[in-house]
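Construct the entire structure; sequences and hints are all you get.
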Amino acid sequence: MATKPKVYALSTCPYCKRTRRFLDEHKIAYDVVEVDLLDDAEQDKVLEEVEKLTNRRSFPVVIIGPTIIVGHDEEKLKKALKL
Amino acid sequence: MTVHEVTRVYCPVCQAKFRFSEGWKAGDIVVCPVCGQKLRLEMQGNEWVGARPEKGQEKEIRERVDEYARIKGYVFNDMKEELLEGLLGKNRRFGDFYCPCRMEHVPEFMCPCRPTRSGDVERDGKCYCGLFWKKK
Ligand SMILES: [Zn+2]
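Residue numbers (our numbering), protein chains in the order written: chain A, 1 to 83; chain Y, 1 to 136.
Among the hints, a few may not be true.
As the list claims (entries may be wrong) - From chain A, some residues computed to sit far from chain Y (all C-beta separations above 12 angstroms): (1) K6; (2) F22; (3) L23; (4) H26; (5) K27; (6) A29; (7) V32; (8) Q43; (9) N55; (10) R57; (11) F59; (12) G65; (13) I68; (14) K79; (15) A80; (16) L81.
Unchecked claim - Straight line, CA to CA, 27 angstroms or less: simulated BS3-like cross-link-like pairs of lysine-lysine: (17) A:K17 to Y:K38; (18) A:K17 to Y:K134; (19) A:K17 to Y:K80; (20) A:K76 to Y:K126; (21) Y:K25 to A:K17.
It should be emphasised that the hints constitute simulated quantities derived from the structure, not laboratory data. Just so we're clear, the structure is a prediction, and the values are computed from it rather than from any experiment. All residues carry an ideal CB built from backbone N, CA and C; glycine is no exception.
As structure tokens, this is what we get:
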């Protein structure tokens with residue numbers, strides 16, 4: 001894969017945890033941003049990114065190449081990761 | 001103003017003022033009929049307010065969500081424990097039991113959040129976080 005998948009998550013959201021667990025279990029290396037734990041300035045920047053990508057503030061968001069997946073969705077993850 | 005003229009109790013969780021029932025007195029433990037929070041009746045100035053006897057404790061949020069589900073006839077699914085873990089995380093990091101799947105930590109998003117109390121579950125079949133579900 002060209003670039004590592006990126007996950008935008010909230011530290012308290014169990015669906016975000018499930019998405020990360022799914023990636024871990026499939027030995028997928030990814031970058032993660034826990035949006036709620038960022039400081040204010042950084043958080044504003046990241047939220048803007050997320051809103052631009054998805055038109056909302058819903059988590060988790062997974063970026064896999066050109067694919068953007070909002071919410072924990074194992075079928076979509078499998079398809080995008082060709083698992 | 002005397003006590004018998006005051007007819008409402010302020011709930012610090014959902015910010016509703018619910019009816020004061022006849023016979024209640026200071027120190028009584030009552031349940032907010034709007035959000036399910038357990039409250040100890042106190043007089044503050046001229047107003048009855050509910051205090052949260054177990055504020056911030058796991059017991060408080062467990063009892064609140066169970067009571068709210070009971071009042072509304074909602075049910076839980078197998079995400080319940082993980083969502084409660086998230087609510088406890090919100091309380092640890094952000095000071096109260098806010099929606100675990102939302103970014104914002106504002107009073108209207110204290111669980112059960114205002115959108116939930118305004119009919120999200122009736123409309124969508126579940127609340128934003130998927131804690132409360134409409135019975136099928
Ligand atoms: Zn209440």
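Going down the list of hints, with the structure as the test:
Against chain Y, the non-interface label of A:K6 holds: every CB pair exceeds 12 angstroms, the least being about 17 angstroms. Every Cβ of chain Y is farther than 12 angstroms from the Cβ of A:F22; the closest lies at roughly 14 angstroms, confirming the non-interface assignment. Under the 12 angstroms C-beta cut-off, the non-interface status given to A:L23 relative to chain Y holds; the minimum distance is some 17 angstroms. Distance to chain Y confirms A:H26 as a non-interface residue, since its nearest Cβ pair spans about 20 angstroms, more than 12 angstroms.
Under the 12 angstroms C-beta cut-off, the non-interface status given to A:K27 relative to chain Y holds; the minimum distance is some 23 angstroms. Separation of A:A29 from chain Y is adequate, the least Cβ-Cβ distance of about 24 angstroms exceeding the 12 angstroms criterion. At roughly 16 angstroms, the least C-beta separation between A:V32 and chain Y is larger than 12 angstroms, which holds for a residue marked as non-interface. Taking the minimum C-beta to C-beta distance to chain Y, about 8 angstroms, the non-interface status of A:Q43 is violated against the 12 angstroms cut.
No Cβ of chain Y approaches the Cβ of A:N55 within 12 angstroms, the least distance being about 15 angstroms, so the stated non-interface status holds. Once the 12 angstroms rule is applied to beta carbons, A:R57 is inconsistent with being away from chain Y; the minimum gap is 6 angstroms. Distance to chain Y contradicts A:F59 as a non-interface residue, since its nearest Cβ pair spans about 7 angstroms, not more than 12 angstroms. The beta carbon of A:G65 sits about 26 angstroms from the closest Cβ of chain Y, which is more than 12 angstroms, so the claim that it is off the interface holds.
At roughly 18 angstroms, the least C-beta separation between A:I68 and chain Y is larger than 12 angstroms, which holds for a residue marked as non-interface. Remark: the non-interface label on A:K79 is consistent with the geometry, its nearest Cβ contact in chain Y lying 23 angstroms away (cut-off 12 angstroms). Distance check on A:A80: its Cβ is at least 22 angstroms (rounded) from any Cβ of chain Y, clearing the 12 angstroms threshold; non-interface status holds. Listed as outside the interface, A:L81 is consistent with that label: its C-beta sits roughly 23 angstroms from the nearest C-beta of chain Y, beyond the 12 angstroms cut-off.
For the suggested pair A:K17 and Y:K38, the alpha carbons sit about 31 angstroms apart, so the restraint of at most 27 angstroms is broken. Restraint check for A:K17 and Y:K134: the C-alpha separation of about 24 angstroms stays at or below 27 angstroms, so the hint holds. For the hint linking A:K17 to Y:K80, the alpha-carbon distance of about 14 angstroms falls within 27 angstroms, and the restraint holds. Restraint check for A:K76 and Y:K126: satisfied, since their Cα atoms lie roughly 22 angstroms apart, inside the 27 angstroms limit.
Our distance criterion of 27 angstroms between C-alpha atoms is broken by Y:K25 and A:K17, whose separation comes to about 45 angstroms.
Of the hints listed earlier, those the structure fails to meet are numbers 8, 10, 11, 17 and 21, in rising order.
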